[in-house]
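First to last, the protein sequences are chains A and B. Under the working numbering, the first sequence is numbered contiguously, ending at residue 536. Under the working numbering, the second sequence is numbered contiguously, ending at residue 333.
Since the hints were derived computationally from the structure, they do not count as laboratory data. Quick reminder that beta carbons are idealized off the backbone N, C-alpha and C, glycines included. Treat the hints with care, since some could be wrong.
Mimicking BS3-like on lysine-lysine, the simulated pairs with C-alpha atoms at most 30 Å apart in a straight line are [unchecked claim]:
1) K116(B) - K158(B)
2) K531(A) - K75(B)
3) K26(B) - K531(A)
To be clear about the criterion: a stretch of chain B counts as covered by chain A if any three or more of its residues have a C-beta under 8 Å from a C-beta of chain A, and this derived list gives those stretches [unchecked claim]:
4) 50-62
5) 81-88
6) 94-100
7) 107-115
If you want the ones that stay clear, here's a sample from chain B, every Cβ over 10 Å from chain A, calculated [to be verified]:
8) K26
9) R33
10) N44
11) D136
12) G144
13) V169
14) R177
15) D181
16) G191
17) I220
18) Q255
19) R256
20) H290
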Amino acid sequence: MRKILAIAGKELYTFFRDRNLILLSFATPLVLSTIIGLAFGGVGGGGSDSPDFAEIAVAVVNLDEGVDVQEVLGLPDQFTDVGSLPFDPADVSLPFGSSQITLAALMESGSALNFGDQIAGILLSRPPGNAGAADGAGLRFDEIECGLLGNGEGEETATFSAGGTLDDLLDAAAIEDADLARAGVDSGEYAAAVIIPPDFSRGMIPRFRLDGEGRVRAELGDPAGTVEVYGNNGSPLSARVVQSIAAGIVNQFVRVSVALGATVETSANTVLDSFDLGVVDLSNLDLSGVDLSAALASLQGLDASVLEPLFCLITPGASNISVSRRPLDALQQAPTIARVIVPIGASQAVFFALFTGVFGIHSIYEERRHWTLQRMIVSPTPRFYLLVGKVVGNLVTVLMQLLVLLAALTVIASIVIGEPTMIWGPSAGSILAVALALALCVSGMGVLLVGLARTPEQVVLFGPLINIGLAVLGGAFGFSLPVQAAQFSLIYWGVDAFTKLASGQTDIALNLLVLMAQGLALFLVGMWLFKRRLDL
Amino acid sequence: METIVDAQNLRKTYRRSDGPDIEAVKGVDLSIRRGEIFSLLGPNGAGKTTTISMISGLVSPTEGDAVIGGHSITKQPMAAKRLMGFVPQEIALYPELSARQNLLFFGRMYGLGGRKLSRRVDDLLAFLELHERRNDRIDTFSGGMKRRVNIAAGLLHKPQLIYMDEPTVGIDPQSRRRILDTVKQLRDEDGMTVLYTTHLMEEAQELSDRVGIMDHGEIIAMGTHAELTQQVGEEDRLEFTVSGGVADGAPARIQREVAGVTRVLYDAPEQAGAESVEPAAARLTVFARHGRTALPPIIQVLDSAGLVIQSVAVREPDLEAVFLALTGRELRD
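Construct the entire structure; sequences and hints are all you get.
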């Protein structure tokens, strides 16, 4: 073991003593990443500048069947006959933002809500009238102003939608078939597909029931109505942007759902409180002797702000809703320089680490030429130890190279931003795990290449070619290939993992699994081939 | 005297797919006694390095085996390797590391460590007069200094047997002298056995207790200096460089007419070009029992044959003569 450590330590020492290697392994990727980061992320790195994203191709599939307004608000089990109410619903006005709407309009049969149309309209940047926000004569959503967007809108607007609508950012296309949209994503035609399920509106609307004490209770909608964002991992940033936008919009709908439930629950219970009836049997309710004036006054006196989120959904300005209203993931919240430098820096770090992997192992030929290998072989050291020591040294060197590059890029980004910024995310353990898995892969690739090559010249020729091929596949040169192709490159899996971590996500298990499995396979085959290099 | 190296029928054949196989060593038998300096003498390409590589466990023999201190190099390589040190012809050191770092690293390969190793390294550096430069990188050293560190790396674990493969190649006479003295010191003071390869007859002659002469992958003669020179008898060797005409017939006349001459070797000159003014020189080697007595009549014969003598040298019996006598070629050919 001591001999293995001695060899590994010597490998590490000689690597870090070689100025040319340092220049190639550290300075070059750092300079490249910094230049690209500054070019696309801007000096200053403030949060107000927009990254130079091209329009992101998105497929929008709206399968939402909508939900009947009367079904939702009419409490059909309890109030089967609107006409039996002891007052005229047309006389009851409710405060909807700065407008008033009658209860009759809301309860009119056939007034359908389709939130899916709303979302599709926002994503497709269509005028709300075309989005089919509401059918029926009673409710004119497009006449209601949105109170949600106040004067502070601009301050909280996400960087990539600042100064414009989603139309500036997305190149959205309406697709009718979900499978077709997914296929389009798989082929790289779209960065992501937003698929709104048939039950979306139904799921968003709270259900009301009476509890044992006769109180109205609101229950959250059906969780089946979840919007699916199908992303293309070949364009992780774009897919994530789409996901963020969709999540932002859906979050607002959820807020509306919660607000609506709370409002109706509060209102109904207020009415019931005024009846002061204790346990109520609504089926045999005789309201003839009840003074409804207090209840109606209570209902009409509701704070309009409670209902504002609902109006916001259905206003003409809905397409301007900013995704900043929902919590953004860590990477999107980060300054532009950080967002640019994470994928670029990670891919450059892995790309240059590949050279360390190959040429670190290739140094076995140098050792042979200088006869230091022969000197070790003549010593009472099993050849297997020499092999393991060499490979462990290379593995640690690659790991250190990756970690130093990540740290250096953090420092550079922090300097540009003007404050310490953990651009790779807060999870040091996960970062280390990804770096270790990558080092295993990179070093394994080096072992395999040197093992396969018949001469040192072949390694020098084919090593860089294969590395460049992996970089092209993995998107290290600024363009992405379809994800099916990209997944063949360890760079893809590494960069994807680092980007996820930087975004605050933790679902990197698949990345780790793929990298570890790949690394292990490369090592085993490579070692078997590489041991021939010790035959003199 | 106890035998420390016993090699039997060592053979190494390199298979080639694009041509005939190369038989680098053709069944060498070798026995080295404990505490002696044994030199393998032969021209470049004779198979000395391949032989030493097989004995040291660096390459596997195609056939045969070598037993080192009772351990077979093919069956018990680790035990055999613990007994031996290795000084290759090349400077087998890391140029980017200091002399001390190199020695510490190779010491660890022999299982040494800690203070013991540190002390041993310092002792060796002092012994080889390199202590002051111990922390300097190897690539800043002169050729002779590198050679000395190269030797030190083979001595770290105080081996019973040390292989030295042409350790004086490419260095100045002063450094060479120092290395030769070191080798003798290892035998005389430390009782070390040295297997030394060289193509320089003078080195083998000065250092060796016994010499094995190798040529074309075979040991063609083996013994002490005296035993080997006896093989060519008490003959002196007279070397002439001549020019000025065709020497055909002159060698035969010398052998026939000059008393005491036993053999005449003649290297014909390469044909001079048509435009060449100067006649090409030829070499003539004459073996005679009393060289100085035979010299005047030989000169007479050459003169009468129309040859111009450019140089004459009379050499007493040595290993060069033995090699020449056995192979018909000079060691430096």
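To see whether the hints hold, each was checked on the structure:
1. K116(B) - K158(B): holds, 12 Å
2. K531(A) - K75(B): Judged against 30 Å, a Cα distance of about 20 Å means the pair holds.
3. K26(B) - K531(A): holds, 28 Å
4. 50-62: Satisfied; 5 residues make the cut.
5. 81-88: holds (count 5)
6. 94-100: Check passed, 4 qualifying residues.
7. 107-115: holds (count 5)
8. K26: Since the minimum Cβ distance to chain A is about 20 Å, K26(B) lies beyond 10 Å and the statement holds.
9. R33: holds, 22 Å
10. N44: N44(B) is indeed farther than 10 Å from all Cβ atoms of chain A, at 17 Å.
11. D136: holds, 14 Å
12. G144: holds, 18 Å
13. V169: holds, 13 Å
14. R177: holds, 24 Å
15. D181: At roughly 24 Å from the nearest Cβ of chain A, D181(B) sits farther out than 10 Å, so the non-interface label holds.
16. G191: holds, 21 Å
17. I220: At roughly 26 Å from the nearest Cβ of chain A, I220(B) sits farther out than 10 Å, so the non-interface label holds.
18. Q255: Given that every Cβ of chain A is farther than 10 Å from that of Q255(B), nearest at about 48 Å, it holds.
19. R256: holds, 53 Å
20. H290: holds, 48 Å
Violated hints: none; the structure is consistent with every hint.
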